[in-house]
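**Q** The listed protein sequences correspond, in order, to chains A and B.
Start counting the first sequence at 1; every next residue gets the next number (my numbering).
Start counting the second sequence at 1; every next residue gets the next number (my numbering).
Take these hints with a grain of salt, some might be off.
[To be verified] Straight-line distance between alpha carbons at most 20 Å, and here's what the computed EDC-like set of lysine to aspartate or glutamate pairs gives:
#1 Lys-37/B with Asp-102/A
#2 Lys-90/A with Glu-10/B
#3 Lys-37/B with Glu-144/A
#4 Lys-136/B with Asp-102/A
#5 Lys-15/A with Glu-64/A
#6 Lys-169/A with Glu-197/A
#7 Lys-37/B with Glu-126/A
No lab work stands behind these hints: they were computed from the structure.
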Amino acid sequence: METGITKSKVILEIKNLNKSFGSNTVLKNFNLTLHEGENIAVLGKSGSGKSVLIKCIIGLLMPEKGEIWAFGDKNIPSLGLEELDIIRSKIGFLFQSNALYDSMTVRQNILFPLRRHWIEMDKDHEDLLVHETLQNVGLAHTAEMMPSELSGGMRKRIALARTLVLKPKIMLYDEPTTGLDPITSREISRLIVELQEKYKTSSIIISHDLNCVRITSDKVVMLIDGTCYALDTFDQLKQTKDPRIREFFEE
Amino acid sequence: MIQLPNRWGEIVEETGKLSQFAGNFFVQLFRPRFEGKEFLRQCYTIGYLSLGLVGLTGFIMGLVLTLQVRPIMLQYGVEAKIPAMVSLSIFREIGPVITALIFSGKIGSSIGAELGSMKVTEQIDAMEVSGTNPYKFLVVTRVLACTLMLPVLVLLADLIGLYGSFIGINIHGSTSFALFFKQVFEAMSFGDVLPAFFKTFVFGYAVGIIGCFKGFNSTKGTEGVGKSANSAVVLSALAVFIIDLIAVQVTDLFNFT
Ligand SMILES: Nc1ncnc2c1ncn2[C@@H]1O[C@H](COP(=O)(O)OP(=O)(O)OP(=O)(O)O)[C@@H](O)[C@H]1O
Ligand SMILES: [Mg+2]
Chain A
1 METGITKSKV ILEIKNLNKS FGSNTVLKNF NLTLHEGENI AVLGKSGSGK
51 SVLIKCIIGL LMPEKGEIWA FGDKNIPSLG LEELDIIRSK IGFLFQSNAL
101 YDSMTVRQNI LFPLRRHWIE MDKDHEDLLV HETLQNVGLA HTAEMMPSEL
151 SGGMRKRIAL ARTLVLKPKI MLYDEPTTGL DPITSREISR LIVELQEKYK
201 TSSIIISHDL NCVRITSDKV VMLIDGTCYA LDTFDQLKQT KDPRIREFFE
251 E
Chain B
1 MIQLPNRWGE IVEETGKLSQ FAGNFFVQLF RPRFEGKEFL RQCYTIGYLS
51 LGLVGLTGFI MGLVLTLQVR PIMLQYGVEA KIPAMVSLSI FREIGPVITA
101 LIFSGKIGSS IGAELGSMKV TEQIDAMEVS GTNPYKFLVV TRVLACTLML
151 PVLVLLADLI GLYGSFIGIN IHGSTSFALF FKQVFEAMSF GDVLPAFFKT
201 FVFGYAVGII GCFKGFNSTK GTEGVGKSAN SAVVLSALAV FIIDLIAVQV
251 TDLFNFT
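Throw the hints in and build the complete structure from the sequences for me.
**A** Here you go:
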């Protein structure tokens, strides 16, 4: 396994990332390398800075120090808005709270990311795209509904569909299963795997749901005290004796 | 006592942020990609859906004012001046201010709450990530709609207020519609109407900007959303009075020179 990973291309590389809010240091010399086709989970306590980490990757937060190299040659914190936008269109971000636009129908939500191209598609083309995208997450019939009419699990699926409409190369999932019942959680985890295979994405999955981590990821990063405390496969980490890691795996 | 400097620091910081936020409107307004559809949608919710409320308050305002001043005017024997007096008060002061206050209660709070919940549920972040400038899409459209719709609403409230006054006069005495409006228009000059009309644009802008600012700076949690809606109303109502005060001074200045 190890050799297989080192052979494939590095698609995202985080070097010495530092981020703090006032006196609250959240990330301290954080390092992480994501290879093409790889799915890495980030485990950490609530408030440990997991969301901050991926918001730095997508350029929503500006780190004080450190580099984030995407697709080999673009250092995200140093990009201007135009270049950042191009990078962003290749990175999908599933928000912790779904972030579906309340005032728009599911259809308008799905089509919203296409506004970045500044041109309007013709209606048939749009219909086809919306149908195809919703079909991927098994909700083709909801196109004309409002987000408020959907259940939590359905909303998560729609949000997932919306991030996939631009066919991103990298996917960032911010706690994709929190707030869902165990059965729905498993469904969402499976769906993530299915979409990883279908769209050949590489992904970073933030979670504290061990089942979700086990199903969706190849490797796990332990984010403790703002650094990459450990990086290994799920099964290896589960057997470790280190008490700071053990506490995540205890029932 | 120890708290005081801290609080002042906060106020200064907040004022600075607000000024920057407000100034950004003029920068973004003229940058390409005008969000026409969203702007029209906002005009509909901000303007059209406020017509009923504003019309009703305008009517009551004119009626009550007339009934209130009538005994005094009678006492001084200048009953015939009621239309002139009422219309001047409505056009110069009461119409713009009362309508702007109602507007800040209805629109300021709803913008604060809407954008606040969008902020808290990461919808604003999502917009930015999908390549749409949230300031342009959410703030510019709403503030522009507020700036253009409030003057229209004020004009409507003024006219309905006059009608209310006409009814008020006819409760006790009687006057004809033609006579009433003749007296109104004789009393008024452009110098009365124009400055009052101009300040309504500023009222609308202020209510919109403050609502958006409070919403955009909502802190985490649903509690934060309620807070932003609340402080949006309080602050924009206060702003209406302050702008009114300044507007009066400025108008005076121009009248004397
Ligand atoms: N915009 C911000 N301003 C100030 N502090 C922030 C901001 N965003 C996050 N923080 C702080 O950074 C720390 C990490 O927050 P973060 O949201 O990344 O946690 P998390 O690991 O995602 O937790 P959870 O599992 O609850 O989502 C917290 O202490 C939080 O208070
Ligand atoms: Mg988080």
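**Q** Out of the numbered hints, which ones does the structure contradict?
**A** 2
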